[in-house]
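The lines below spell out each chain.
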Amino acid sequence: MRSITLLSAFTMAVIVLTGTLAQGQVSREVLWLEGPGLTSLSWIRAEEAAKRRGYKYFRFDSNPYDWNTTSQSIPEWAEYFNSKGRTDVLGIGHDAGGLILRKMNALSPNSGLSAMILDGVPNQGSRLMRSLVPNAPDLPSEAQVLINKLLDLKTQAQGCNGCRMLEAVQRWINSFIASERTRTYYSQMWPTSPLIQDLGLPTIPYAVIWGNEDESDGLILTRLVASWGSVYGQDTEYLDCYRREIAQRVRDASDHALVALMQGVAGLAGSLAKISTSKGDVGKIGEAISGAISTVANGIRARQTLDKELREAFECELIHQALNAQWNLAVSPYSLVQDTIFIPCIPCDNCADDPDPQVVGYCFSVCTAYGCQPLELLAYPVEYYTFEPHDGLLTRSEQLLQGAAKTYEARKVNHFQEQFWEYTPIGNAFQDLFNGGAGAAFVVPK
Amino acid sequence: MYGYSISSKGVGNGIGHLFALVLLLSACRDNVTNPSTQCRVQMTYDAEVTTLIRPEKSSDAALLSDLDRALTLPKREGERVQLCIDAEGNYTISTEYITPENPIEYPAYTVGVWLKPRYKRSVNVNGEITYYNEANEVVEVGYTDGDSHSGLVIGILNSLNELSKSAALTDREFASALDTLSAHGLPITHHDDKIATSRISHADGSFSVIVIDKKARMQVGQLDYDANGALSTFYLLEVEGVAPKVLFKRWHRVFFFNAVDSNVRMKHETITKFKHFSLTI
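Residue numbers (the working numbering), protein chains in the order written: chain E, 1 to 446; chain C, 447 to 727.
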């Protein structure tokens with residue numbers, strides 16, 4: 001009797017456990033939608049990561065979209081996916097993929113989508129696209145105009161390889177307008193485009209993950225281009241190379257300057273000492289005079305070479321800085337900040353106005369020595385621009401969407417890295433959503 | 447045979463170079479207060495280096511585009527430098543990046559912040575530069591054209607040898623020697639008791655002006671003009687003492703360039719304030 005009771009209890013336990021397991025293994029249908037390859041190349045990595053973590057889902061077949069994202073407009077793709085007649089689908093979109101999901105919902109509230117996760121999506125459009133995509137096919141983009149200027153500067157700055165970053169950026173931005181089809185496609189993401197203006201808020205639950213590159217040096221484009229070309233979104237290749245190149249040039253030029261300065265200490269005094277000690281010896285004094293003149297001439301040449309090195313090193317750095325600065329100004333609205341810093345006294349600027357160069361030299365030297373107290377710091381007004389946090393392509397406000405069930409900030413993550421769970425804020429956000437952290441609508445069972 | 451002899455020479459040079467490097471490093475490293483007998487010249491100092499970028503004419507500031515204005519952020523770096531030149535003409539320059547007393551800082555999300563050094567220290571031995579991190583580990587080694595510096599170093603040593611052979615020049619002897627140069631093709635203009643200048647023309651129509659401090663008995667500046675008579679670069683050095691025993695006080699360097707976006711002529715100036723300066727010759 002006791003054996004029967006135990007058997008019954010065991011059988012019941014097995015039934016309950018099996019039922020629970022079966023319930024746990026119910027899969028969710030998920031539509032993973034990437035954006036175009038230029039801005040969303042590695043979306044498959046997010047899917048792979050979800051599988052590796054044991055989440056169970058059916059993949060909504062998104063072919064042929066995956067292979068030809070820009071062949072149709074965003075509304076056309078939305079209609080295409082709506083026509084498949086699915087139900088209870090969780091849409092997960094990166095970049096323009098998220099706009100397709102939103103358009104699916106806007107076209108038909110009964111599209112079959114029951115929730116959507118919008119990861120690095122231009123929900124309010126993309127200001128940057130105005131710089132990358134010109135109004136007409138025969139016009140250069142603003143970005144291209146700047147790149148052309150920088151390429152000219154680079155040609156002048158001898159030996160400024162710049163790790164070929166400028167060329168990589170040029171290749172990338174040219175691709176946005178490689179054909180009229182791509183130009184038209186990306187112009188859909190202008191903040192003023194009819195698509196963006198008419199989307200409205202989704203009628204189903206949605207969550208937002210927004211990327212924030214958040215690097216203090218502002219070298220966001222340098223990182224972004226490296227991520228674009230890398231398998232796992234690593235962003236250091238160009239930065240490391242560039243830092244090496246610039247650091248080396250600047251260090252070498254600075255060390256050279258120091259040696260040249262020492263030559264200034266010893267050179268003239270030594271030469272003139274030789275003249276003084278050679279007086280009375282006709283043969284020696286001629287040699288001493290020509291030696292002194294030669295020392296002065298060599299010193300001038302060395303200084304000119306050095307100044308050229310310093311200027312070229314700076315111009316090489318300037319190209320890189322300009323590229324990143326312009327990128328930040330193009331991606332994000334910015335505000336002017338006026339501030340005051342303190343600097344050492346600087347020689348009188350008006351010395352340079354004298355028509356006699358020798359008087360200019362005299363004036364500057366007097367100003368340098370007597371015009372300033374060495375320890376005195378002077379107030380110096382500075383103006384600079386601050387920008388809104390962004391992921392390299394989209395600002396915070398462009399990615400955010402009012403009314404989201406939950407919003408996640410992915411710090412230190414750029415637009416391309418938003419596709420990888422290996423970047424902790426991304427992996428954490430997806431797992432929180434799949435585990436029910438923002439509500440049942442986003443759950444994907446394990 | 448040809449290849450073999452080059453290889454042998456290379457090995458010989460390499461050993462010699464390595465030997466010199468070891469000697470120099472042991473002589474100069476971390477030896478700020480006690481100059482080594484191995485260094486024929488030793489200079490040590492701390493410096494704050496401030497860099498300013500602004501239009502040459504202040505009235506042009508209004509012409510700057512937003513991009514060009516963003517690229518004018520001042521910066522300040524601190525460095526601790528040791529220069530050692532031995533009697534053979536080998537040199538070592540060790541530069542440690544330190545926090546300046548009055549750092550210039552900008553808030554997060556500022557456009558155009560200049561790169562900060564990623565290395566804690568660099569050591570340049572005859573053109574081979576080794577970079578170290580905070581843990582004093584080698585993180586990078588770079589090779590530069592050391593020969594371009596070597597000529598200068600040899601020139602320094604030759605000049606010092608001349609100086610050591612003669613008694614110290616009086617002010618009058620120094621001025622007289624300058625006048626001798628002036629009479630032989632290097633025209634000198636005396637502006638006052640302290641400053642003299644000389645204008646030297648170059649074959650391409652450009653010219654330079656050197657500034658001589660007669661009290662310090664050394665060249666303390668150079669201005670370079672292009673063939674159109676426009677000032678293209680200059681430097682000025684403020685010193686105390688009499689060469690070669692001088693103290694550097696301040697070093698001001700300027701070059702001009704065209705702004706990337708607005709074509710405004712810009713002035714790039716670097717002001718180095720020396721502290722704890724020591725020069726042992």
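In case anyone wonders, no lab produced these hints; they're calculated from the structure. This one's a predicted model, so the numbers in the text were calculated from it and none came from an experiment. Fair warning: there could be bad hints in the mix.
[As the list claims (entries may be wrong)] Some chain C residues judged to face chain E by a derived CB distance under 10 Å, without partners named: (1) G524; (2) R526; (3) Y552; (4) Y578; (5) E580; (6) E583; (7) G588; (8) L609; (9) H630; (10) G631; (11) T635; (12) S654; (13) I656; (14) Y671; (15) A673; (16) I727.
[To be verified] Label pairs and their computed distance ranges (CB to CB): (17) E:N435 <-> C:A508: 35 to 43 Å; (18) E:S83 <-> C:A508: 22 to 30 Å; (19) E:T305 <-> C:T726: 54 to 62 Å.
[Said to hold, decoys possible] Dumping the calculated DSS-like pairs for lysine-lysine here, alpha-carbon to alpha-carbon at most 30 Å: (20) E:K308 <-> C:K713; (21) E:K308 <-> C:K721; (22) C:K640 <-> C:K691; (23) E:K149 <-> C:K562; (24) C:K695 <-> E:K308; (25) E:K284 <-> C:K691; (26) C:K640 <-> E:K149; (27) E:K308 <-> C:K503; (28) E:K308 <-> C:K562; (29) E:K149 <-> C:K713.
Note that CB positions come from ideal geometry on N, CA and C, so glycine has one too.
Broken hints, by number
Result: hints 1, 2, 4, 5, 6, 15, 17, 18, 19, 26 break, sorted rising.
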